[in-house]
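Undergrad: Turn these sequences into a full structure, and let the hints guide you.
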Amino acid sequence: MSEYTLSSDESAVWQNHVSVPDTPEGFTVRTTYPGNENGCEVMLERWQAGSAEPPHSHPGDDMTVVVEGQMAIQFYKRTNDGLQADGKPVILNQGDTGYIKAGAIHDAKYLTDCKLVYVHDRAFGFTEEK
0 MSEYTLSSDE SAVWQNHVSV PDTPEGFTVR TTYPGNENGC EVMLERWQAG SAEPPHSHPG
60 DDMTVVVEGQ MAIQFYKRTN DGLQADGKPV ILNQGDTGYI KAGAIHDAKY LTDCKLVYVH
120 DRAFGFTEEK
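Oh and the sequence shown: position 117 is 116 in numbering that gives the first Met the number 0, straight run, nothing missing.
Okay, the calculated beta carbon distance ranges per label pair:
(1) R77 <-> D8: 35 to 43 Å
(2) T22 <-> G81: 16 to 24 Å
(3) P23 <-> Q83: 19 to 27 Å
Once the Cα atoms are required to be at most 30 Å apart in a straight line, the calculated DSSO-like pairs of lysine-lysine come out as:
(4) K87 <-> K100
(5) K129 <-> K76
(6) K129 <-> K100
(7) K87 <-> K129
(8) K76 <-> K108
(9) K76 <-> K87
(10) K114 <-> K87
(11) K100 <-> K114
(12) K87 <-> K108
(13) K100 <-> K76
(14) K129 <-> K108
(15) K114 <-> K129
(16) K114 <-> K76
Calculated directly from the structure, the hints in this document are not laboratory data. Glycine residues also receive a C-beta, built at the ideal position from the N, C-alpha and C atoms.
TA: Okay, here's the thing in C-alpha cells:
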C-alpha cells in the first residue's frame, strides 16, 4: 500500500455511521439525500456477519457494490400460498456489483462482515413483504 492510500477501516468515508429505527439488527448507514425527483440516494452500508434483511422491495431500481465481504440475495415471487423462492440465491463477493429492479421482492443475508456502496434511484424506500 502506498503512503497515499488507506485501508477501508482507516478511511473517514466509513466513519460516522448511524443506526436507523425500524431496520434489521446489525445495520448502520451513512447517507446523502437526493436534491430533486431526478436524484438518487447513496448509502455507505456496513452489515455484520450473520445479519439479514427480511423479504422486501424498494420503489426504485437499486445497485449494490460489495466493497468488502460476501452476501446472498434471494428473489421471491408472490403466489396464492404467499412468497416462494424464485431461483437460487445470487452470491455477491468483494468487487461484485448487483442491480435489482424496482419492486422486485428479495431478501439479503450477510455471510461475512460487509461494506457496501448502495445506490437507489430517487429517495430510498423499504417495504417489508410478507
